[in-house]
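Model the placement of chain B on the given structure of chain A, informed by the hints.
Spelled out from the first residue to the last, the chains are:
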Amino acid sequence: GIQVEQSPPDLILQEGANSTLRCNFSDSVNNLQWFHQNPWGQLINLFYIPSGTKQNGRLSATTVATERYSLLYISSSQTTDSGVYFCAVVERGNSGGSNYKLTFGKGTLLTVNP
Amino acid sequence: ETGVTQTPRHLVMGMTNKKSLKCEQHLGHNAMYWYKQSAKKPLELMFVYNFKEQTENNSVPSRFSPECPNSSHLFLHLHTLQPEDSALYLCASSQDSTSGRWGANVLTFGAGSRLTVL
Numbered sequence: 001g002i003q004v005e006q007s008p009p010d011l012i013l014q015e016g017a018n019s020t021l022r023c024n025f026s027d028s029v030n031n032l033q034w035f036h037q038n039p040w041g042q043l044i045n046l047f048y049i050p051s052g053t054k055q056n057g058r059l060s061a062t063t064v065a066t067e068r069y070s071l072l073y074i075s076s077s078q079t080t081d082s083g084v085y086f087c088a089v090v091e092r093g094n095s096g097g098s099n100y101k102l103t104f105g106k107g108t109l110l111t112v113n114p
Numbered sequence: 001e002t003g004v005t006q007t008p009r010h011l012v013m014g015m016t017n018k019k020s021l022k023c024e025q026h027l028g029h030n031a032m033y034w035y036k037q038s039a040k041k042p043l044e045l046m047f048v049y050n051f052k053e054q055t056e057n058n059s060v061p062s063r064f065s066p067e068c069p070n071s072s073h074l075f076l077h078l079h080t081l082q083p084e085d086s087a088l089y090l091c092a093s094s095q096d097s098t099s100g101r102w103g104a105n106v107l108t109f110g111a112g113s114r115l116t117v118l
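In the order they appear, the protein sequences are chains A and B.
Sequential numbering from 1 applies to the first sequence in our numbering.
Sequential numbering from 1 applies to the second sequence in our numbering.
For reference, chain B alone in the conformation it holds in the complex:
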């Protein structure tokens, strides 16, 4: 247990379904991140939230909709996904995504949510 909890761990959904991934961190951090990990590709940053404000959207399709109600919780709402969206979705947190000071952007990851789109 790293202090970042993701649910569900596994999700299978059809292309017309609507589902959500949840992430919760217990580390007192102020920044939260969504990363996508597909087979044979580097981890891709999707979104960054710092103090509940979205600070980075890495050209993610609108069928992925993030929500950050507070600094401890992050959601990824999914609708009308495609089979190529099947991947491991990783949530992470850090003290502060806007600070270059030593240690502020050290990331702690959750265990991931493995998504399969049929």
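The shape of chain A in the complex, shown without the other chains:
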């Protein structure tokens, strides 16, 4: 299966700082999603971005599919941005049929201090 590597594994910021999270993947992918998991475990879909750039408020994401990486930018970070950020890529399932599945990286744990 596809390998998904995220960096850095941990990141500590002061409120108001900017950051860039990276996701590398080992093969061509059908699409890519970024998620935020809050401290209570809820995973929220941030972006669905197989290629190009998207922006949503203080967050933006860029995927360069030909070079097999994606970046998540957080600007003017807030304490509520704390949590784990996951990158996940879509690949064919193990069953050999037409099933697709999401494969997750290990995540980046972001802590934003006031």
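Hints listed in this document are in silico derivations from the structure and should not be mistaken for laboratory results.
It is possible that some hints are incorrect.
Said to hold, decoys possible - Using C-beta positions, here's what the derived DEER-type ranges look like:
(1) A:L109 / B:K22: 27 to 37 angstroms
(2) A:R58 / B:T7: 30 to 40 angstroms
(3) B:H79 / A:N18: 41 to 51 angstroms
(4) A:N38 / B:T116: 15 to 25 angstroms
(5) A:G52 / B:K18: 46 to 56 angstroms
(6) B:G14 / A:G52: 48 to 58 angstroms
What the hints assert, rightly or not - Every beta carbon over 10 angstroms from chain B, so not counted as near; a handful from chain A, in silico:
(7) N24
(8) R58
(9) T62
Unchecked claim - No more than 30 angstroms apart at the CA atoms, straight line, and that leaves these computed lysine-lysine pairs for DSS-like:
(10) B:K36 / B:K19
(11) B:K22 / B:K40
(12) B:K36 / A:K106
(13) B:K18 / B:K40
(14) B:K18 / B:K41
(15) B:K18 / B:K52
(16) A:K106 / A:K54
(17) B:K41 / A:K54
(18) B:K19 / A:K106
(19) A:K106 / B:K22
(20) B:K52 / B:K36
(21) B:K41 / B:K22
(22) B:K40 / B:K19
(23) A:K106 / B:K40
(24) A:K106 / B:K41
(25) B:K19 / B:K41
(26) B:K22 / B:K36
(27) B:K52 / B:K41
Glycine included, each C-beta is placed from N, C-alpha and C at the ideal position.
Just chain B now, with coordinates in the frame of chain A:
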């Protein structure tokens, strides 16, 4: 509230107990998933159901038994679990797990069921 509801949110059980986790989605999706999240490990896909049919079993031990009576409901039946099965179990749904078309496999997750096996 994301449109995917999981119950219970917390569960503590002994190794000889039998319990079930429930997931319900109100999004009109046709695919449902169980993921396991253990400490320090990536999310692991366990099962996929598409239009009520199981399409993926990721070598999950038989002590975990899924059930999907319809496209809106998914259960995970648990029996004779081990302490290493303690984890956060996440349910998700998408429009269609077999379609590669744009957006069909965008996942929406529930809040999870945190399981502790004593």
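inquiry  = Given the hinted pair K19 (chain B) and K41 (chain B), is their Cα-Cα distance within 30 angstroms?
reply    = 24 angstroms, holds
Quick one, are K36 (chain B) and K106 (chain A) close enough, alpha carbons at most 30 angstroms? This hinted pair holds, its Cα atoms lying about 13 angstroms apart.
Problem set entry | 30 angstroms limit on alpha-carbon distance, applied to hinted pair K40 (chain B) and K19 (chain B) | Holds - the C-alpha atoms of K19 (chain B) and K40 (chain B) are around 25 angstroms apart, at most 30 angstroms.
query = Holds or violated: are the alpha carbons of K18 (chain B) and K41 (chain B) at most 30 angstroms from each other?
reply = Since the Cα atoms of K18 (chain B) and K41 (chain B) sit roughly 26 angstroms apart, the hinted pair holds (cutoff 30 angstroms).
Taken at face value, is the distance from the CA of K41 (chain B) to the CA of K52 (chain B) at most 30 angstroms? Holds, because 29 angstroms separates the two Cα atoms, which is no more than 30 angstroms.
- Task: Compare the distance between the alpha carbons of K106 (chain A) and K22 (chain B) with 30 angstroms, and conclude whether the hinted pair is satisfied.
- Result: The given pair, whose Cα atoms are some 26 angstroms apart, holds under the 30 angstroms limit.
Open item on the list: Confirm or reject: N24 (chain A) is not an interface residue toward chain B, with every Cβ-Cβ distance exceeding 10 angstroms.
Closed with: Fine: 14 angstroms to the nearest Cβ keeps N24 (chain A) off the interface.
| Taken at face value, is the distance from the CA of K54 (chain A) to the CA of K41 (chain B) at most 30 angstroms? | 28 angstroms, holds
task = Given the hint that K106 (chain A) pairs with K41 (chain B), test it: the Cα-Cα distance must not exceed 30 angstroms.
result = Given pair K106 (chain A), K41 (chain B) holds - Cα atoms ~6 angstroms apart, limit 30 angstroms.
message = For a C-alpha distance cap of 30 angstroms, please report whether K52 (chain B) and K36 (chain B) respect it.
response = 20 angstroms, holds
Q. Is the gap between the beta carbons of H79 (chain B) and N18 (chain A) within 41 to 51 angstroms?
A. 49 angstroms, holds
- Task: Assess, step by step, whether the Cα of K41 (chain B) is no farther than 30 angstroms from the Cα of K22 (chain B), and give holds or violated.
- Result: Distance ~23 angstroms between K41 (chain B) and K22 (chain B) Cα, so the pair holds.
In the structure shown, no violation is registered for any of the earlier numbered hints.
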